[in-house]
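Taken in order, these protein sequences are the chains called A and B.
Heads up: the first sequence at position 10 corresponds to 10 in the numbering used here, and the numbers run straight through without jumps.
One rule links them: number in the numbering used here = place in the second sequence (from 1) + 1000.
Hint data in this document are derived by calculation from the structure and do not stem from the laboratory.
Among the hints, a few may not be true.
[Unchecked claim] Label pairs and their calculated CB-CB ranges:
hint, chain 1, residue 1, chain 2, residue 2, range
1, B, N1165, A, P53, 14 to 22 Å
2, A, F21, B, T1227, 27 to 35 Å
3, B, T1091, A, A247, 29 to 37 Å
[Stated by the list, open to error] Example chain A residues on the side facing chain B (calculated, C-beta under 7 Å, incomplete):
hint, residue
4, L29
5, M31
6, L107
7, W109
8, P265
[What the hints assert, rightly or not] Covered stretches of chain A (chain B as the covering partner; in silico rule of three or more C-beta atoms under 8 Å from a C-beta of chain B):
hint, stretch
9, 64-77
10, 93-103
11, 166-173
Every residue, glycine too, gets a C-beta built ideally from N, C-alpha and C.
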Amino acid sequence: MSTATRSRPDGGRRISRGMMFLLLAFGALVMLAPFAWLIRSALMTDAQIFINPPQWLPNPVAWENFPDALTAQPFARYFLNTMIIEVFVVTGTVLTCALTAFSFARLRWRGRNVVFGVLLTGVMLPYAVTLIPTFVGWAALGALDTFLPLIVPAWFAGAGGGVFNIFLFRQFFLTIPYEMDEAAYIDGANPWQVFISIVMPLSKPVVVVVVIFTFIGVWNDFLGPLLYLSSSDNFTLALGLATFQSAYTAQWGLLMAASLVVILPIVLLFFVLQRYFVEGVTLTGIKG
Amino acid sequence: MSGVSTAAAPTGARRRGRRPTTGRSEARWGVLFAMPAILGFLIFTIGPMIASFFLSLTDWTVGGTPGFIGVDNYVALTQDKLFWKSLGVTTYYTLAAVPLALLVGFVVALLVNAGWRLQSLWRTVYYLPTLVPAVASAVLWIWIFNPDSGLFNSVLRAVGLPTSNWIYSESTAVPSLIIMSTWGFGNAMVIFLAGLQGVPRQLYEAVSLDGGNAWSKFRHVTLPFMTPVIFYNLVTGVIGTFQVFNQAYIMTSGGPNNATLFYIYYLYTKAFTDSEMGYASALAWVLFVIVLVITALLFRNARSWVYYETGDTR
């Protein structure tokens, strides 16, 4: 848009712009090559994959890889498990992080800023330092091989990683004019009512950002399910894919088909909600 | 937006600064609402941290009774070849992967930001790899690195270049994983892009008026304004790479010959394969201290090169 007004039509500049375009295009090809390789391999039979010299494109297209891969292990079950965890974790994270942020942004109490500052230090903490006692604790409660260790922390404002979300909510809440709350308090509302019927409805953008990043976090989590889930019936997609990989080591067509199925929802989510993604990364990055 | 404000508008005269009932009740609500985070911090952060410190002073293995052994675990660490190996592997990886992601991310952000009609398309393409779930990415890259029919060796063979054993050879395993991690530089790039929007345009014009070229614009305007963003990406990058686990677990099992024995992977095998919870807790605390020291050093060092606009301190 602004290029037309800014760039002067001298040759040197046009050449360097051409170079920049070529660089960008070449870089884009490099970035996309693994995706191309993924899709190509997902659509090939083993016989085509191991042919020498290599066959670059699937011919004929092995669509059967998808049903074969997804039934080789109970991926539908893994998906269901993942979604159950998603629902509880996303709800808990949004609710408790927003509530805490509301307290930090819009209610006055002694020690508020100190508490907020202490919570923020949790961002820097390597998860390894809490890993073993947390595991031992869940084991003592008899909660191994249940979803509880993966879900319950989310209802305590995400515990650890959740500080990020509290921070995001707080930043957003600070931009909402306080007159809104005032008016409701005059009408006799209590803080909970102000939170749920005034502040939250105005905060859709930040809610969407937190939902997206929490959803992706659960979808991608590997170490959590690896530690806590042991029976195959309880596996998540990430854990299921990893075990699929170790069980079908050389069946690349099937492995790539399964990987593609695990990747696709996140990519689709991105394309539908792209605006919020960029907003979220920007919010977390710049203001942090 | 405005619908809400009219619906909630008071009938009587508005008083400025009206708070929820009395100050004491406001404080009570405030603490109540912050409770999830406070309890969560105590139960899932502080508690386990203290517990892991005490565990690190014991010889506890799963199934046995813990006995207090003082700092023996920490002394044993200094003699543990695998501990030093894992520290070396992790440091090697961090020193290469973080600067590479920052450099590539910054350069690409500058290129993407050069006022293209399809800017969001470029951004999307470069950001896409960061969306791939870690496990799927690991599975995909095992296949890309496959020495017989993987992407890299197929291409290298097709153009007549020597092939490599990638993650399957001791000397190339970590560099391979660095290549893989650089594929995900999109996160740093997007943050750089956002930072570039904050560089004041009029300063570029000022440099132009003084007869400065593109390089001096970059050197004297873009770079100083971007130092806080570079710093942010540096700190989060270092903290992230010190906690690499998935690649070692899924792709290499720490091998070949411990070439990819990342710190957290070593800790994991000590705790959950060998069941040496006391020793693994000592490993965890050493990592905690290392990350703490590195972060502190980065912040101290930042004063000399990170530029903050005055009046923007919070």
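Right, here's what the structure says about each hint:
no. : hint                           : in the structure
1   : N1165(B) / P53(A): 14 to 22 Å  : 20 Å, holds
2   : F21(A) / T1227(B): 27 to 35 Å  : 28 Å, holds
3   : T1091(B) / A247(A): 29 to 37 Å : 34 Å, holds
4   : L29                            : 9 Å, violated
5   : M31                            : 6 Å, holds
6   : L107                           : 4 Å, holds
7   : W109                           : 4 Å, holds
8   : P265                           : 9 Å, violated
9   : 64-77                          : violated (count 0)
10  : 93-103                         : holds (count 6)
11  : 166-173                        : violated (count 1)
Hint violations for this structure: numbers 4, 8, 9 and 11, all remaining hints satisfied.
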